[in-house]
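Undergrad: Each chain, letter by letter, is given below.
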Amino acid sequence: MAGLMVTNQRAVQVRGLTQRFGRTEVLRGVDLEIGNGVFGLLGPNGAGKTTLLRTLATVIQPAGGTVRLLGRDPGNDTERRQLRRRLGYLPQALGYYPGFTVSEFVEYFALLKEVPAREVRLAVARAIERVGLEDRAKSKLKTLSGGMLRRVGIAQAIVNEPDLLLLDEPTAGLDPEQRVGFRAMLREIGTHGTVVVSTHLIEDVAVACAEVGLMANGRIVFRGTPCQLTARGTEFNLGDSDLERGYGAVLAGARA
Amino acid sequence: MPDPRDHPDDPRHIAGCMDCQTRANLTGLDLDLDRVWTGVMATVGAREPGRLERMAARLLGSPGLARALTATPSLAFSWVLASLAVLTIGVAATHGSEVGTPWVALLAPCLAGVGIAYSYGPGIDPAFELSQTMAIPDRMVLLVRVLAVFGLNALLGIGATLFTPVAAGVTWTWLVPMAMVSALALAAATVAGSANVGVAAALAGWALVVLGTKAETGDVTAAVGTNLAPAYLLATVVFGAVALAASNGQRSQGGSTRWQA
Chain A
705 MAGLMVTNQR AVQVRGLTQR FGRTEVLRGV DLEIGNGVFG LLGPNGAGKT
755 TLLRTLATVI QPAGGTVRLL GRDPGNDTER RQLRRRLGYL PQALGYYPGF
805 TVSEFVEYFA LLKEVPAREV RLAVARAIER VGLEDRAKSK LKTLSGGMLR
855 RVGIAQAIVN EPDLLLLDEP TAGLDPEQRV GFRAMLREIG THGTVVVSTH
905 LIEDVAVACA EVGLMANGRI VFRGTPCQLT ARGTEFNLGD SDLERGYGAV
955 LAGARA
Chain B
167 MPDPRDHPDD PRHIAGCMDC QTRANLTGLD LDLDRVWTGV MATVGAREPG
217 RLERMAARLL GSPGLARALT ATPSLAFSWV LASLAVLTIG VAATHGSEVG
267 TPWVALLAPC LAGVGIAYSY GPGIDPAFEL SQTMAIPDRM VLLVRVLAVF
317 GLNALLGIGA TLFTPVAAGV TWTWLVPMAM VSALALAAAT VAGSANVGVA
367 AALAGWALVV LGTKAETGDV TAAVGTNLAP AYLLATVVFG AVALAASNGQ
417 RSQGGSTRWQ A
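Going line by line, the protein sequences match chains A and B. Positions 705 to 960 (the working numbering) are the ones given, in order, by the first sequence. Positions 167 to 427 (the working numbering) are the ones given, in order, by the second sequence.
Next up, chain B with everything else stripped away, as it sits in the complex (with noise of 0.2 angstroms):
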């Protein structure tokens, strides 16, 4: 805009002058120029929720779960690549075996142990007092990350074991198993408060599990045997009541007790 200082407010150069005609009718209006500021910046700033999140929020009903959802460092890309690698290796490991050791089903309980202590708030999360005060509960956040952790596991460990023909008989009997592990990790990381706790009791009770059937049998694939189903499912029970009173109603930090968010 030109400096008014050089234009005069005659009318007669007004109606000659395209400058001071638009000065004057910027002037006149009733514009909020830090408003338009504000609008802009929102839209040019604005972060554009991918296809998942959209997906997530519809099906949670809530934007915020589906943010939270999105943000649960096991679902991070880099995270499910790591994943594929560990499955990937157990896959060549299992063609290259001579007995055909089916180290997917051996190592997708420990996979989705981990994924799932990491969904715990805890001593992972830096900003977790101030998720304690959001309107949305941690709990829900929790279940929900817990849920979406579990099922990517599941389905990458069933896209792997297809590639095992020789695994056909233990495909799908380390679910169990594998819910399990995960139950004693979130029991571990809710009572404990902290998520590496809950990844150490994952990883190392699968290891007691494992090496304690083929100790008694000779058989590294019995701990996946389907004979022990009834054992690993009541034992996903109890955990999961652990970490549901553990959770539940009054939650001892530091001496002093939080909200149930």
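Bound-form chain A, shown alone (with noise of 0.2 angstroms):
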């Protein structure tokens, strides 16, 4: 499965983004480029990170603004079907069929990602594999555990090797061991794509991101490497890491 050549073009381009629930601008100007690794969201709840993976995601259209994703324009029919072809996202709440096993449910996703029929059964396989659900491919979805349907979550948004991973607070419900693999498997994602990760989990994005985001009242009041946010931090701030006191002293800064 060839991806995309995404060379010189960042595979996330945004600019101007706002987006509006009724009157409430959930998103305003946001400005975003983005290229191949693993890019973290943080931000308190309400910040819009999930609105702006939606969006990312093409599930809505943006209020205003420009978006270019792998190259493409998402107002575009025929770029769209092509851009989704390319593009995993794992919703912050992941919707599934109780009566569909874990292959079925990842198998159904891959075929209306339209990978070619000759390689969904290997596909399927190694997404499965990839998030340790092996054990558990011919299990109904209904008997499994919180975490383990977030691993099928997340198998079905690598099924298609996508260029542009869009994951919505992926680890919810993951146990350590299970959080550790999942940080080695963005990494390698990220050395040929790239994976933009809106998680609450600081540790997250301290060992698996090399840059980070952060969002407050729908705007990016932060952008660089996880060192720099944790220089922004100071003794006075709370948090019981260095980066937590960094993130603690953005966001004072931002509601300032």
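Just so you know, not all the hints are guaranteed correct.
[Unchecked claim] Some chain A residues judged to face chain B by a derived CB distance under 7 angstroms, without partners named: (1) Y793; (2) R825; (3) D839; (4) A841.
The set of hints was computed from the structure by calculation and includes no laboratory data. These numbers were taken from a predicted model, which means no experiment stands behind them. From the three backbone atoms N, C-alpha and C, an ideal C-beta is built for every residue, glycine too.
Both chains come to you apart, so use the hints to assemble them.
TA: Set out below in structure tokens:
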């Protein structure tokens, strides 16, 4: 399965992105360019992380601004379809079909992503193995725990070996050992594609992400490496780790 | 495999030991056992598409569309069985009634309307948000599902009416109100973003038509009479246009507009 060759273009190019829910402005003029690697998206509840990810996943149209993903315009029907073949998305609330098995669920979305039919079986097996569910491949989804369901969601997101992978709270429900494995997988995917991870877990960002963006009130208020975020913190900021203190310092500055 | 510590690397030992020769052969091969295992898992764990799904894939030119079609809730075996049961009861009721009330003709539009409403995504499809990010557009999936559900219900209805010779005059005329009720269900579901609203609209709408025509003419079969066919056809076109307009271009949901998938 050959991916798109995004060489000189960034996978994510967003200019002046705005989104509204009714009268509430959820995203306010977001500018963002992301290339290969793992990009972490941090922020408090209501900051706009999920809305940003849903916009990049082409679930919702922007209310304003421009979006280009993998060199394509999601506003164009043909380009949007091409783009979606190379996109992987894990929503914050993963809906699933209780009667489907793990294999059936991952295969269903592989087919809807138009993975070539002759490659579907191997792609599904590989995705299930990568999330460590090979022994539950034939289990019905209604019999799985929350953490396992999350891993099924990750499997369907990576089944087409996406060039752009968008994950909203992917480690929710995963135990520490699974999170370690998951971060390694993210780093591996980030070597040849773009991963955007929205998370509340600072340690996931510290270990897996080359770059981090911090959102507050619909804007990106910080962008840099985890080390740079850590450097913003002082002993007077709240937090149990240097990165948390840096996070707190930036947020406090944004709210001031 | 035996413990290598019990088997020295002495060539004279290896020459006479089958186990050590086997181990030496394996270590000499360039094998990615992980890849081999994945290949085995892919074969063992694969789902074999059924005959219907393979036919649909050839007809539609898309394995993904075919899979989406076979995953339609209102095409599931249990659903079809329930529809058959309802129609069988209708046939029995027709034979049992003194005036030969064409229950099949009156029930078939409801069945189709409900089935089509439940082909719709929001409110009934738990993975609807994921389906909005798929390469195969959800409008295409909906169109294929609607046609399949309508076609199946039409076939079931035609089959059932063959067992009710007293209703020969209405054998085919219920197909037009069936199309109207189906279009109404789809329009309501699309506008409201809810399959359940579509079901309610279909049942309520058809009940109003049947009761209204009965009240006016005193004849319950008037609702499936040929003289109302032009009105039903017009209503079908209008509801179809509403469904198309509601799902075409921008669709507002929760204040944010969704891409037309």
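Undergrad: Now tell me, hint by hint, if it's right for this structure.
TA: Quick rundown of the hints versus the structure:
Restraint check, Y793(A) versus chain B: the minimum CB separation of about 5 angstroms is within 7 angstroms; hint holds. Hint on R825(A) holds. Least Cβ distance to chain B is approximately 4 angstroms, under the 7 angstroms limit. With its C-beta approaching chain B no nearer than about 10 angstroms, D839(A) sits outside the 7 angstroms limit, and its interface hint is violated. The interface hint given for A841(A) holds, since its Cβ lies 5 angstroms from the closest Cβ of chain B, which is under the 7 angstroms cut-off.
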